[in-house]
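Visitor: Sequence:
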Amino acid sequence: MRAFLLQRFVVRLKYTKDRRIYTLAGWDDILREFNETMSQSDFVRRKYLRKLSEYTGRNTIAYYSAFLNKPNASNLDINDLDMTGFMNALKGMECSKGLDIILQTPGGSPASAEAIISYLRKKFSNDIRVIVPQIAMSAGTMMACAAKVIIMGNQSSLGPVDPQFNGIPAYNIQMEFEEAKKDLASNPQNAQYWAIKLQQYPAAFLKTAMDAIALSGTLLREWLSTCMFEGEDATKVEAIVAKLNEHDDSKTHGRHFNIDFCRNIGLKIVALEDDNILQDAVLSVHHAYMLTLGGTDVVKIIESQNGKAIINHE
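FYI, our numbering numbers position 59 of the sequence shown as 47, with every residue one higher than the one before it.
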């Protein structure tokens, strides 16, 4: 359908007296045509996102990945392509109203998350809240920690921020090299065993893994101390970083941290259940987006309450 509409409307006809002039349609012209044939799921989704924004009186951006619906699809993670989506979503916003970001993401690149947060803070300063209706893992948790508060429900989850390489936690890689070093110091005859075991990693990979761990901790510490805990005791921030950016206690990168865990480690959490109207509004938005992701070929949506959206398909 999109290809048909594009072919049909890219060239338009304008008439002057007795001569036809062909002109190329601009971005807004094509977008208008798409909007005129907007799918029902687009209409419903945007209606509930707009209602949420009207209730809070704040700008709202929904960031939804289909990682639960289409785990083998591409472009599910937080990456540099997302910057365009956020730039587009901010068009026409009154930044003095602040920003709520609704996150549903498996995580992704800490460096990409850093660029996005830096951009949003330049626009909204520290007046950013993150809403997690269901799950925001890894770099998504890091983005949540860049907000002044995190809004979660009893069903919501954050996760460890320890980085991974091809599904292998960086902490595991570091521990494996440390184990090899310790073992070889007392058992040099095991050199061949460790040579075979460690050859799966490219040269300088240990340094890369250690740098990734350090970056996650640095960003988490910086974001918490400059917004959620600005002007407060630094020990609060260090305690949270120690809990989120480690692997020994969580054991697995995919572990889910519920609202009670997040509160207990010191994060500033607002419960969805404290405001029934807000809860209904957020969950209506969540269901509308999840139905879109589950019933179409869409893999990611970055969309504002004004209907400004970039939608990625399989």
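Take these hints with a grain of salt, some might be off.
What follows is a list of derived Cβ distance ranges for each label pair [stated by the list, open to error]:
(1) Glu220 <-> Lys85: 18 to 28 Å
(2) Ile299 <-> Leu186: 36 to 46 Å
(3) Asn114 <-> Gln180: 33 to 43 Å
(4) Glu226 <-> Ile299: 33 to 43 Å
(5) Asp263 <-> Tyr189: 42 to 52 Å
(6) Asp68 <-> Glu261: 32 to 42 Å
(7) Thr206 <-> Pro59: 25 to 35 Å
(8) Phe193 <-> Glu226: 47 to 57 Å
(9) Ala202 <-> Ala173: 22 to 32 Å
(10) Leu172 <-> Leu203: 24 to 34 Å
(11) Lys169 <-> Asp268: 24 to 34 Å
(12) Lys79 <-> Phe31: 44 to 54 Å
(13) Thr214 <-> Leu172: 34 to 44 Å
Below are the DSSO-like pairs computed for lysine-lysine, each with C-alpha atoms no more than 27 Å apart in a straight line [said to hold, decoys possible]:
(14) Lys256 <-> Lys58
(15) Lys224 <-> Lys58
(16) Lys136 <-> Lys231
To be clear, the hints were calculated from the coordinates, so they are not data collected in a lab. The beta carbon of each residue, even a glycine, is placed where N, CA and C say it ideally should be.
Visitor: Now look at each hint and say whether the structure bears it out.
Guide: How the hints compare with the structure:
{"no.": "1", "hint": "Glu220 <-> Lys85: 18 to 28 Å", "verdict": "26 Å, holds"}
{"no.": "2", "hint": "Ile299 <-> Leu186: 36 to 46 Å", "verdict": "43 Å, holds"}
{"no.": "3", "hint": "Asn114 <-> Gln180: 33 to 43 Å", "verdict": "55 Å, violated"}
{"no.": "4", "hint": "Glu226 <-> Ile299: 33 to 43 Å", "verdict": "40 Å, holds"}
{"no.": "5", "hint": "Asp263 <-> Tyr189: 42 to 52 Å", "verdict": "49 Å, holds"}
{"no.": "6", "hint": "Asp68 <-> Glu261: 32 to 42 Å", "verdict": "36 Å, holds"}
{"no.": "7", "hint": "Thr206 <-> Pro59: 25 to 35 Å", "verdict": "30 Å, holds"}
{"no.": "8", "hint": "Phe193 <-> Glu226: 47 to 57 Å", "verdict": "28 Å, violated"}
{"no.": "9", "hint": "Ala202 <-> Ala173: 22 to 32 Å", "verdict": "25 Å, holds"}
{"no.": "10", "hint": "Leu172 <-> Leu203: 24 to 34 Å", "verdict": "29 Å, holds"}
{"no.": "11", "hint": "Lys169 <-> Asp268: 24 to 34 Å", "verdict": "55 Å, violated"}
{"no.": "12", "hint": "Lys79 <-> Phe31: 44 to 54 Å", "verdict": "20 Å, violated"}
{"no.": "13", "hint": "Thr214 <-> Leu172: 34 to 44 Å", "verdict": "43 Å, holds"}
{"no.": "14", "hint": "Lys256 <-> Lys58", "verdict": "32 Å, violated"}
{"no.": "15", "hint": "Lys224 <-> Lys58", "verdict": "38 Å, violated"}
{"no.": "16", "hint": "Lys136 <-> Lys231", "verdict": "19 Å, holds"}
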